[in-house]
Amino acid sequence: MATKIKSSEITPENVFRQRRLLLQAAGLGLGAAGTGIMMPERLHAATPGFENVSEWAASTDETQSSFEQATTYNNFYELGTDKGDPAKNAKALVTEPWTVEVGGECEKGGKYALEDILKPHALEERVYRLRCVEAWSMVIPWVGFPLADLLKRFEPNSKAKYVQFETILDPENLPGQKFPILQWPYAEGLRIDEAMHPLTLMAVGLYGKELPAQNGAPLRLVVPWKYGFKSIKSIVSINFVEEEPATSWNKSAPREYGFYSNVNPQVSHPRWSQAKERRLDADSSGFSALFSEKRDTEMFNGYADEVASLYAGMDLKKSF
Amino acid sequence: MSFRAVSAKGVTIPQPGFNKGKLLKPAVFIVCLLPFVMAVAGVATSRFVDPVESLLHITGEWGLRMLLITLCVTPIQFIFKWAAVAKLRRMLGLFAFFYTTVHLATWLVLDQGLNLRDAFESIIDNKYITVGIISWIGLFVLAVTSNRFSVRKLGRRWKSLHSWVYVLVLLGIVHFIWQVKASEIVEPSVYLGFFAVLLIWRFVRMVKR
Chain P
1 MATKIKSSEI
11 TPENVFRQRR
21 LLLQAAGLGL
31 GAAGTGIMMP
41 ERLHAATPGF
51 ENVSEWAAST
61 DETQSSFEQA
71 TTYNNFYELG
81 TDKGDPAKNA
91 KALVTEPWTV
101 EVGGECEKGG
111 KYALEDILKP
121 HALEERVYRL
131 RCVEAWSMVI
141 PWVGFPLADL
151 LKRFEPNSKA
161 KYVQFETILD
171 PENLPGQKFP
181 ILQWPYAEGL
191 RIDEAMHPLT
201 LMAVGLYGKE
211 LPAQNGAPLR
221 LVVPWKYGFK
231 SIKSIVSINF
241 VEEEPATSWN
251 KSAPREYGFY
261 SNVNPQVSHP
271 RWSQAKERRL
281 DADSSGFSAL
291 FSEKRDTEMF
301 NGYADEVASL
311 YAGMDLKKSF
Chain R
1 MSFRAVSAKG
11 VTIPQPGFNK
21 GKLLKPAVFI
31 VCLLPFVMAV
41 AGVATSRFVD
51 PVESLLHITG
61 EWGLRMLLIT
71 LCVTPIQFIF
81 KWAAVAKLRR
91 MLGLFAFFYT
101 TVHLATWLVL
111 DQGLNLRDAF
121 ESIIDNKYIT
131 VGIISWIGLF
141 VLAVTSNRFS
151 VRKLGRRWKS
161 LHSWVYVLVL
171 LGIVHFIWQV
181 KASEIVEPSV
191 YLGFFAVLLI
201 WRFVRMVKR
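As given, the protein sequences belong to chains P and R, one line each in that order.
Note that the working numbering gives residue 230 to position 230 of the first sequence, counting from 1, and the numbers run on in steps of one.
Note that the working numbering gives residue 115 to position 115 of the second sequence, counting from 1, and the numbers run on in steps of one.
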């Protein structure tokens, strides 16, 4: 059978060509090359990819965001607070060597090298909607494996009611961590049933390539029914705990960011509505992007059929 | 060699022919328009991943910056003894109004999709939008009374009407502070500090008189 080309590899490439033509037309191609800025298209070509990635059957067929959009518009405060900063400061994230410390209520805690974390897992491409708490959204093809498969290997015990995750702490290299923008290291958490849910993904790549630094290299969470900040990047620690763990944004502004932070169009952020979102995808470029209408945000980001039962009987206005 | 002649009373009279003052206004006009031109060019070349958000931020920030620059005209006039700068005041003020109007229009048309009911709800529900709208309405009143006819017609009241600009700028800064995340407080704080310095200068000058 001939090698199958994934849809995710086709649409963005077209967009790259258009961009390149536009740049050339504007006479900017040479300037950008001269400044040594890594253009996203070159990054895309240069980043190593994966072999043997199977396709998940339930991926959304909505128009995907381009590789460029997904890798140049990021909230990753460790690499700067402007959404363009993480791509510019990507080199500041040192990912080799990478170890993950596993601890708390489990039998097989300890320090694991990244290779040992990844080795047993077959990789899968899943196209998920990503809804940011700031009311914009993307559609991204992730490469990863179910978090549950990884967590089970550590044999959590009956006291493991929650899982806490932490991002790398490296204030010497990470420009954002030189300032107390948030309490470092960035911490996130999930209830154990959320962490074990088949939709919860441990991602190592996007668009068929290894995760760039700005997207949370080399290992990040993707929890598609929650606001993006729950999907913690560049994970170095996994802890099984009995009590609801403290999480970074909740500590910073408890009124604005709850522990659950499920995508919910009916619960407004104190300063803006969450009823609608602006989709940033390959169709939204140039002047036409200005006039693309916002779309209605779906309950649990459109994954209600799969996850609503996790929250049966809970008041989601209180447990926001 | 001087380009200016000095009359008997010591008042400088511009010489006909070459005149720096004539170039100043169009030059400042072009500079003031640059942020807008660059923003439009940025949208056209897909430089912004979220162009509506970028336009909102750029026009909002430049609206505030232009207001603060406008408030600098009088201090510059006195501190640097540069009388000609006063000729720029109206244009700078109108640029501030231009940027805040594009800001409001971007929000109303592109962000809210001209859905007036949603927009009205947002204005009521979010206090940062409420103060933003109030500030813009005030600037609108000042802009339409910025012509020579209004100055003449309103007489003394014109000055007291236009001194409301200080309140409107403060509302604009509050609008910015209430909108940003805790981590982005630096820029509006700088504006607030700058505004405070301008107010103190005015106050000291008033007391000295």
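Some clues are possibly wrong.
[What the hints assert, rightly or not] Derived coverage of chain P by chain R (criterion: at least 3 residues anywhere in the stretch with Cβ under 8 Å from a Cβ of chain R; other residues may be distant):
1. 69-75
2. 264-273
[What the hints assert, rightly or not] Short, incomplete list of chain R residues facing chain P, as computed with Cβ under 8 Å:
3. Gly42
4. Val49
5. Pro51
6. Val52
7. Ile123
8. Tyr128
9. Thr130
10. Ala182
11. Glu184
12. Ile185
13. Glu187
14. Pro188
15. Ser189
What the hints contain is simulated information worked out from the structure, not anything from laboratory work.
Each residue gets a CB set at the ideal place from its N, CA and C atoms; glycine is no exception.
So, going through the hints one by one against the coordinates:
1. A stretch counts as covered by a chain when three or more of its residues have a beta carbon under 8 Å from one of that chain; for the region 69-75 of chain P and chain R the count is 3, and the coverage holds.
2. Requiring three or more residues with a Cβ within less than 8 Å of a Cβ of chain R, the coverage given for the region 264-273 of chain P holds, as 4 such residues are present.
3. Contact between R/Gly42 and chain P, as hinted, is not supported at the beta carbon level, the nearest pair being about 10 Å apart and thus beyond 8 Å.
4. The interface hint given for R/Val49 holds, since its Cβ lies 4 Å from the closest Cβ of chain P, which is under the 8 Å cut-off.
5. A cut of 8 Å between beta carbons decides the hint on R/Pro51: the least distance to chain P is about 5 Å, and the hint holds.
6. Interface restraint check: R/Val52 against chain P, minimum CB-CB distance 6 Å, threshold 8 Å, status holds.
7. Interface restraint check: R/Ile123 against chain P, minimum CB-CB distance 12 Å, threshold 8 Å, status violated.
8. Evaluation of the R/Tyr128 hint against chain P yields a held restraint, the C-beta minimum of about 7 Å falling below 8 Å.
9. The criterion of a C-beta within 8 Å of any C-beta in chain P is not met by R/Thr130, whose closest approach is roughly 12 Å, and the hint is violated.
10. Of the supplied interface hints, the one on R/Ala182 holds, with its beta-carbon coming within about 6 Å of a beta-carbon of chain P, less than 8 Å.
11. Checking R/Glu184 against chain P by beta carbon gives a least distance of about 6 Å; that is within 8 Å, so the hint holds.
12. Evaluation of the R/Ile185 hint against chain P yields a violated restraint, the C-beta minimum of about 10 Å exceeding 8 Å.
13. A cut of 8 Å between beta carbons decides the hint on R/Glu187: the least distance to chain P is about 11 Å, and the hint is violated.
14. Checking R/Pro188 against chain P by beta carbon gives a least distance of about 14 Å; that is not within 8 Å, so the hint is violated.
15. The interface hint given for R/Ser189 is broken, as the beta carbon of that residue sits about 14 Å from the closest beta carbon of chain P, more than 8 Å.
The structure fails to meet hints 3, 7, 9, 12, 13, 14, 15 from the earlier list, while all remaining hints are met.
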